[in-house]
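Undergrad: Listed below are the residues making up each chain.
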Amino acid sequence: MLSDDPLYYFDSDPETDIGSKPQTGSSMIKESGYDSSLLDIESDFGGAKPVTDTPFNSFDETESGEITASYDDGFNQSEVVEIVNDQIQSDFGEYLQEDAKSMDLNTVEIKPGTEFDDNSQYGYYDWSNSGKLVVNQDAGGTVETLIHEGLHMATDNGDEIKPDGEVIHHLGIEEVSLDPDSGEIQVVNNLGLNEGITEMFTRQSAENMGIDDISIAYPDEVEVAELLSNLVGEDAVKEAYFSSDVEGLRTSVDSKLGQGAFDTINIFIDNGAPYAAITIIENGMLVEKEDK
Amino acid sequence: MNQELLRALEQEAHDPITAGLSDKESVQAEQLFASLLHSIVETIYLTPVHQKSAIARRTGEDFIRRTASVPPKDRVKHLSKEKLDQDIRYLDTQSFTAAKHILLKPEQRESLIPEARSIMAEIERLKGEIANIWPNQRERYERIFSEITLDCQYVMIPTDKTSLRLGRLIKAGKRK
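Heads up: the sequence lines are chains A and B, in that order. Position 85 of the first sequence, counted from 1, bears residue number 85 in this note's numbering, the numbering being contiguous throughout. Each number in this note's numbering comes from the position in the second sequence (counting from 1) with 1000 added on.
Since the hints were made in silico from the structure, they are not lab data. Accuracy of the hints is not assured; some may be wrong.
[As the list claims (entries may be wrong)] Taking lysine-lysine pairs in the DSS-like style, the calculated list, with each CA pair at most 27 Å apart, reads:
1) B/Lys1105 x A/Lys132
2) B/Lys1174 x A/Lys132
3) B/Lys1171 x B/Lys1161
4) A/Lys162 x B/Lys1174
5) B/Lys1024 x B/Lys1105
6) B/Lys1174 x A/Lys111
7) B/Lys1161 x B/Lys1174
8) A/Lys162 x B/Lys1105
9) A/Lys111 x B/Lys1161
10) B/Lys1127 x A/Lys101
11) A/Lys162 x B/Lys1171
12) B/Lys1081 x B/Lys1127
13) A/Lys238 x A/Lys162
14) B/Lys1171 x A/Lys132
15) A/Lys101 x B/Lys1171
16) B/Lys1105 x B/Lys1171
17) A/Lys132 x B/Lys1161
18) A/Lys111 x B/Lys1171
19) B/Lys1127 x A/Lys238
20) A/Lys101 x A/Lys256
21) A/Lys132 x A/Lys111
22) A/Lys101 x A/Lys132
23) A/Lys162 x A/Lys101
24) B/Lys1161 x A/Lys101
25) A/Lys111 x A/Lys101
26) B/Lys1161 x B/Lys1105
27) A/Lys111 x B/Lys1127
Can you build the whole structure from these sequences, using the hints too?
TA: Written out as structure tokens, the structure is:
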């Protein structure tokens, strides 16, 4: 959902009435801060550990012996991209559409961190070069970024023109409404959940590649995606995601949680309210008298 | 109604949240919990869905239950981590919203530059906080920070470089 209200509330009073502005941003952060005496927190984070080095070296040790993308040897970009493409094909091939796109050096470039403005950046799209995906080989999580973006490319199922002329571009379960003439983006639906599903599958593929320290992206969205996957079954999620069958997933979710649940969950995720999305998944749609 | 709900939830939370904690820890836990609860409930009320009151109440109750289920010795640091995540989540949402806004309405860039700068400043401050207090966790958040930073830079200055998430949207709008 695109907001027409560019308010960010950084100067709001922490005591502000709840009905006006979110108590977030700097005022909220500074209000209580973090107590350094409380910070033996390593065990709290659970799940994946932080990435501390590039994972490329692990490719040298695969059984086939065909992988030569060693970072130490000065890796070959095309081989790295090919390895990631192959992993996506291996993990999800049965669900991919026949015309699913894959990455190549026309669409992806891997550069050392020294060539980035900020060498902690993971990657960006370069519109001075036809929208090429540029990934930082030194930031950590390079392979995860490639898998994630490779999945997005593989699930770019193109435009659908509705009978009324409306144009919908399908990216997995994300739906981007476009102006039929200009291609200008009008409305975006299901973006957060699509990211969560993409990252959930990214982590699966990264694990299958033997990467232990998987870097983190979209943690809230992944949690919601995993809960939904547990609810309706991972196969149902894969079928919907790879073929952009949003209606199929909506029907599955609503049949379990009540009519409107799928859309409500997505609206909450896209508006930064993952707790509410999780509550709907765990409790189903809720009813109150004044909203009937 | 919002204030009534918040007061009711805070009262409901008092005993389970502070059970097993020292006086000092109880104060810390309640402060962090209240801050998080306010943010959670407010975000729900600002979201365009039906049944907000019921969802807000149940979400608040679930949050109380989840927090109370954390062992007392870990509860305050658990809430501290929840608060860090919540703060980053807020900045993440705001930066992407701003970048999408500029994508559609680049003529409004000037009005959003102060907000983008504020977000960048907050991210830098949070990076410093994490580096100081959770140095072994910094890289955990770098992918999120990378996207936030690129979105803010896109808002502040016309550039050919976009975050990965914004770039995907732009690609979707490109006619084949």
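Undergrad: Does each hint fit the structure? Answer for all of them.
TA: Checked hints:
Between lysine 1105 of chain B and lysine 132 of chain A, the direct Cα distance comes to roughly 23 Å. Compliance with the 27 Å bound is thereby established for this hinted pair. For the hint linking lysine 1174 of chain B to lysine 132 of chain A, the alpha-carbon distance of about 13 Å falls within 27 Å, and the restraint holds. Restraint check for lysine 1171 of chain B and lysine 1161 of chain B: the C-alpha separation of about 13 Å stays at or below 27 Å, so the hint holds. Restraint check for lysine 162 of chain A and lysine 1174 of chain B: satisfied, since their Cα atoms lie roughly 18 Å apart, inside the 27 Å limit.
Distance check on the hinted pair: lysine 1024 of chain B and lysine 1105 of chain B sit about 49 Å apart at the alpha-carbon level, beyond 27 Å; violated. A C-alpha spacing of about 25 Å is found between lysine 1174 of chain B and lysine 111 of chain A, which places the hinted pair at or below 27 Å, so the restraint holds. Proposed proximity of lysine 1161 of chain B and lysine 1174 of chain B is supported: the alpha carbons are some 16 Å apart, at most 27 Å. For the hint linking lysine 162 of chain A to lysine 1105 of chain B, the alpha-carbon distance of about 26 Å falls within 27 Å, and the restraint holds.
Pair hint lysine 111 of chain A plus lysine 1161 of chain B holds up; C-alpha atoms about 14 Å apart against a cutoff of 27 Å. Only pairs whose Cα atoms come within 27 Å are accepted, and lysine 1127 of chain B paired with lysine 101 of chain A is rejected, the gap being roughly 36 Å. Simply put, lysine 162 of chain A and lysine 1171 of chain B have alpha-carbon atoms about 20 Å apart, close enough for the 27 Å limit, and the pair holds. For the given pair, lysine 1081 of chain B sits about 14 Å from lysine 1127 of chain B by alpha-carbon distance, which is consistent with the 27 Å threshold.
For the given pair, lysine 238 of chain A sits about 24 Å from lysine 162 of chain A by alpha-carbon distance, which is consistent with the 27 Å threshold. For the hint linking lysine 1171 of chain B to lysine 132 of chain A, the alpha-carbon distance of about 10 Å falls within 27 Å, and the restraint holds. Taking the CA atoms of lysine 101 of chain A and lysine 1171 of chain B, the gap is near 14 Å; set against the 27 Å cutoff, the hint holds. Of the pairs offered as hints, the one joining lysine 1105 of chain B and lysine 1171 of chain B holds, with about 17 Å between alpha carbons and a cut-off of 27 Å not exceeded.
A threshold of 27 Å between alpha carbons decides the hint, and for lysine 132 of chain A with lysine 1161 of chain B the separation of about 10 Å falls inside it, so the pair holds. At roughly 21 Å between alpha-carbon atoms, lysine 111 of chain A and lysine 1171 of chain B fall within 27 Å of each other, so this suggested pair holds. Taken as a hint, the lysine 1127 of chain B and lysine 238 of chain A pair is broken in the structure, with Cα atoms around 36 Å apart against an allowance of 27 Å. Distance check on the hinted pair: lysine 101 of chain A and lysine 256 of chain A sit about 33 Å apart at the alpha-carbon level, beyond 27 Å; violated.
As the CA atoms of lysine 132 of chain A and lysine 111 of chain A are separated by approximately 12 Å, the hinted pair is consistent with the 27 Å bound. Distance restraint check for lysine 101 of chain A and lysine 132 of chain A: the Cα-Cα separation of roughly 14 Å lies within the 27 Å cut-off, and the hinted pair is therefore satisfied. For the suggested pair lysine 162 of chain A and lysine 101 of chain A, the alpha carbons sit about 23 Å apart, so the restraint of at most 27 Å is met. Proposed proximity of lysine 1161 of chain B and lysine 101 of chain A is supported: the alpha carbons are some 23 Å apart, at most 27 Å.
Distance check on the hinted pair: lysine 111 of chain A and lysine 101 of chain A sit about 22 Å apart at the alpha-carbon level, within 27 Å; holds. For the suggested pair lysine 1161 of chain B and lysine 1105 of chain B, the alpha carbons sit about 17 Å apart, so the restraint of at most 27 Å is met. For the given pair, lysine 111 of chain A sits about 24 Å from lysine 1127 of chain B by alpha-carbon distance, which is consistent with the 27 Å threshold.
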